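Assembling the complex is the task here: the two chains are given apart, and the hints tell you how they should meet.
Going down the list, the sequences are from chains A and B. Position 104 of the first sequence, counted from 1, bears residue number 104 in our numbering, the numbering being contiguous throughout. Numbers in our numbering are just positions in the second sequence, counted from 1, shifted up by 1000.
To be clear, the hints were calculated from the coordinates, so they are not data collected in a lab. Don't take every hint at face value.
[As the list claims (entries may be wrong)] One side of the interface only, derived from the structure: several residues of chain A facing chain B at Cβ under 8 Å:
(1) E133
(2) R204
(3) P354
(4) S356
(5) M357
(6) G360
(7) S361
(8) F362
(9) A363
(10) G365
(11) A366
(12) T367
(13) V375
(14) P378
Keep in mind that this is a model prediction, so the values were computed, not measured. Glycine residues also receive a C-beta, built at the ideal position from the N, C-alpha and C atoms.
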Amino acid sequence: MLARGEPVVWLTGSGLVIGLLMVTVLVGYVFYQGLITFWPRPVVALTTPDGRTHLGEVTRTDTFIPPPDLIPGLTGALRERAEAQTAREEGALGRRLLRTGNFELTGEHFRWVEDYLIAEGGESRPEWALVFERTTWGRFYGFPTALVLGGEVVAEDPSRIWEMFQDHHGGDHPAGAVLRVRTASGEEKELDLTEIVRAYPANRLGFLDKVRVYASRWNEFLTAEPREANSEGGVFPAIFGTVVMTLAMTILVVPFGVMAALYLREYAKQGWLTSVVRISINNLAGVPSIVFGVFGLGFFCYIVGGGIDQVFFSDKLPSPTFGTGGIMWASLTLALLTLPVVIVATEEALAAVPTSMREGSFACGATRWQTIRRVVLPRALPGVMTGAILAMARGAGEVAPLMLVGAVKLAPDLPLDLEWPFMHPERSFMHLGFHIYDLGFQSQNSEAAKPMVFTTTLLLMGIVLFLNAAAIRLRSGLTRKYTGSKF
Amino acid sequence: MDAKPAPFDRLAAIVAGETVPPEIHSEVKAEEAILQVEGFNLWYGEKQALFDIGMPIPRGKVTALIGPSGCGKSTLLRSVNRMNDLIDTVRISGNMRIAGDEIYGKAVDVIELRRRMGMVFQKSNPFPMSIRENVVYALRINGERNRAVLDEVCEKALRGAALWDEVKDRLDESALGMSGGQQQRLCIARAIAAEPEMLLMDEPCSALDPIATSRVEELILELRGDYTVLIVTHNMQQASRVSDYTAFMYLGQVVEYGPTARLFTNPRLKETEDYITGRFG
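Here chain B stands alone, though its shape is the one from the complex (with noise of 0.2 Å):
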């Protein structure tokens, strides 16, 4: 087990066109998947971005896609709720099951698909209207009226981001005029508002200072055991403090993926280990 491979043959070879077989720790393999991935690939036009990725995420757990830029963690973790499908030249095969269902199936709506997960983009992006209707806004375009429902689910949410008390007197206002700490947590309050049985989250503390990116990652473990979280992220330090099985990717592929503790401090994989140390990437 500790016998390890020949130092940057994987790399080499991932470089080099060929696609290799992802190092999966037996421990991911043991837990309960929500989230099947099945020999997904995808293009962008002429341009393969994800090759053949096969791997299962944990229920209830959080789980980091880490790796150098452009190495198709965004573009994986965009697949799971088919954003990729506004892009034109995008096209996939393989598959991806959540909960047993098709993701990719030709009778699948996306819309019923995107509303069982909940989604936290890099830059907040609160909509236009009061910091209310921003956390509400699943249920609303679901056609959601009655306003007892809609408060409870707003309080709720937004107690989930930790944000109630600084907000809960000033519902009404323009979610525009909070700070980028508050606009991020209060974009995870809209993304949890639906209960979905997902949370997907791409880099959602890069634009943030220190003390946000914090109150996200406290978020993050709270939010553990009730959510599934898929986190993709950039910050080493982040995957490690917030995530229990950390993946790590490179040129579209999964190289290595384990438990979060291994990961970062016994890899198997040499290529892991140069770059989490940092010798790369």
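Here chain A stands alone, though its shape is the one from the complex (with noise of 0.2 Å):
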């Protein structure tokens, strides 16, 4: 039976089908998450036995066991849920997170709702029940009750201040507009419509009013900038950033990886030096690559950029231009970070020319570098590409060394744009996945965050597949016309 190698066939099959399984999963996971995150939700209505009528989204449903004290200490009706729900959840009680908003009157984003607290008939949707998403505060729940134009109530009923509301909605209001609003607790607000990002009756919405919230979100998310420390809003300066760093440092890589792989395979007397070069190459390859991002801010924003400054920039000195992290020092150092990717493949693909294609072209009375420059290289352009391309995913993931050497949480300067000289190679920038971990681990309103971490990281994910799909459709052309057919 080995010797048929069955057992071998099914042990690399279940290699396969377990890495694909995982990629799967993970995928899966964060495309779920990703796509549903900007789907409007119902929005509900749960009243407590105090009496309080908290308005919200349910964004999580939870179990958990309560501390031995809480079940002895209820009395009445409430013990009777909360015994009924123990005894069908094996002694844990159900709660639901709702997104409250209205952090300025309550001075929280969330509120944790244990179900036996919800009376028979103390949830309800109700009908205009309206979700705020605002400039600042975060969102805001709540009924409206009159829309207020220079100064007049011009409308109280809701669905006539719905009407009016989106007409006047993004208008010009010279004499002011405002949206006079009472939360589920009874609490009167006035809302400037300027400051109103969009709003929408949740509870009202058809199919397509859904998908038209869906899209405007997404549309926001791809080209606003950031609000509310980055938990909402769009993330177009991290898009932008990825890609230009992405691309600036393929285009530096590449050449130097080119150049430095024909040395080695090409005029380099091949010995041990040639192969303690190699090895050592490799071995760059598995440093960790927080070390490279220590060495970019040490070499690259400090010695480098620092001296650029002390000649160019001294005017404004104290204050450092390229003498700190920017865009241009995060490409140099993801440009070393991928090198030896490029290195590699780049060796592979030459290597692979035959060497009768090489002879011919010595036999017409080429030199050496007539050859390499017209035969060799377009021949082993596919292989330098499929570098190019593993360097590019490689740098596009990357984000410990960026940390060090320029990402930043918010920076609404682009580093290209209109202004004079339009490339701004020392400007700090925004990085998707910098800004994943940033919403991940440092948002103080991590709730609301966390929903964004997985619509970015499908943002990045796409992003890496559009570039490594672009690139592969280039390669493809190449190869079909370097390499054409075999007879």
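Given below as structure tokens:
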């Protein structure tokens, strides 16, 4: 049986299956979470026994083991409901995380509401509960009571208010346009129309309306700048920063890597020295990326950047221009990081060029450089592209070194813009990878930021996929052109 | 003249490491030589591959080098345009002259030298570029930019290689999409494009099917007269079909060298006869 190799087939096959499974689960989870984040959810109103009503979106459901003195301390219907539930759930109680918003009034964005607190009929989906996304203070959940234009109340009926709000939202209101809203707990609040980014009556939305809200949120996500400490709004600067940094890195690393590989393979006399160099390059690929970050910070930012500042920007010192993290230094650092990938791939591609082709060129009276430029390099180009693709994928996903050499939490000034001199290589930049880290682990409002982690991850994967697909397309074109079919 | 030496004398002597003077027919010496090989030795590292080769190659004729594998035919051929320079361990002594000019002199520009010869390899090796660019490669690297000149050379070389009618409509397509036989004829076109003084062919048909082989052979016959062809072949019938002169080599030495017709029908040496009739080798 072993001789027929069936166990080997199963073994190798299962390796592939496990790998595929893990990738599918990971990507599937990111896809699912990333895609549902922007879908508008219904707004529920939950009335607790203390008479307060909490209005908001359910973002999570959960069970918990109550502390031992909780149920004995309860009375009446509360205790009955709690005991019934613990009997059903094997000692656990259910609870829901409600996104209640209204931070300036309540001091909280989210609130856990235990299920046993809600009496029969204590849960409803009020028709005119509006969700407001605002430029500051996070979301607001409330009921409209009046629309005030230029100090005059123009509507008081919810449907009329909603109608007029849609007409006036986004317009120009020099005299002032204010929406009066009442929260679920009865507090009054005036919202200026200019601070409202988006509003919708969550429980009145039909499917098409939901799609519209969904699309508008994605649109904002992809094209706008972040708000609310990055937990709301868009990630356009991060997309831009990631793409520019990755492309700059590729443009820097490919010529360097190709030159190094050319010397190593075509010119250097093969011997123990070239072997040592090759081993060193391969080992370089195993150095932790943070080490490259530290090197980039010390060498590029402080020594090279500091030197540039001394010479060209001495009037601005002590505040650094180039002497601190910036997109150029980040690209250079990642170029160093990915250099081994390009060198190894290029060397392999060069080694795969048939000797007969070189000989043919030499026999025609070509010099070594003419042979390399006209015959060897074109033939090796698809392999070089493979190296570039690998480098790009590695570079686009790298975060740790970037933290040291220029990726920041918020940088609305893009590294390329219409302002003279158009390219600003000294500017720090936003990066999707760093954005994910920042949202997931550095955010004040981590519950609100968490769904954005998934959408941002989804986006980063999409961008890497897009860049790779573009490069692979380019490569297959080159392959067709330069290697052709075999006879 | 018909008194043949005892069989296997020479071969045994060669195997024993002795240098045996070659049997060169007077017809060869009577021809005007374009290439003169004189006392040429070649070593790969410590191992000597060519022993005191001395032979003239007649101008405008096809000369074939035959012999068993490892006898040094390809090495000798590659020494003519100094392709062996690409191998670090190769050492040589002795001399070769093409049209009177030294090949292994100190002042010789190897690049210039290689431009005077075209070479066709065992495996077709078209470059990763269009058919047109393949043909005019030698001119391109020499700096020729004039489109009209290049087009003219391209057509002439392709016609010379009997390929023009097949590819004239797709000159700008990749050369790598052609069939094996076409690729080899393209390589011949490339080799003759710069009008070389000599054409070196290293088993040009060994990777081709019989039909492609016969086309290449026809081509060699057509090239005779205009070009001097030095061809290495394993195929004795091919040597007899295409060549005017044939040299039989054994373990790095020339054993017998004469007109092909004589060599194949009435060789002077028993050893040559044995090899040609397939009794050894």
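Each hint, compared with the structure:
no. : hint : result
1   : E133 : violated (56 Å)
2   : R204 : violated (63 Å)
3   : P354 : holds (7 Å)
4   : S356 : holds (4 Å)
5   : M357 : holds (5 Å)
6   : G360 : holds (4 Å)
7   : S361 : holds (7 Å)
8   : F362 : holds (7 Å)
9   : A363 : holds (4 Å)
10  : G365 : holds (4 Å)
11  : A366 : holds (5 Å)
12  : T367 : holds (6 Å)
13  : V375 : holds (5 Å)
14  : P378 : holds (5 Å)
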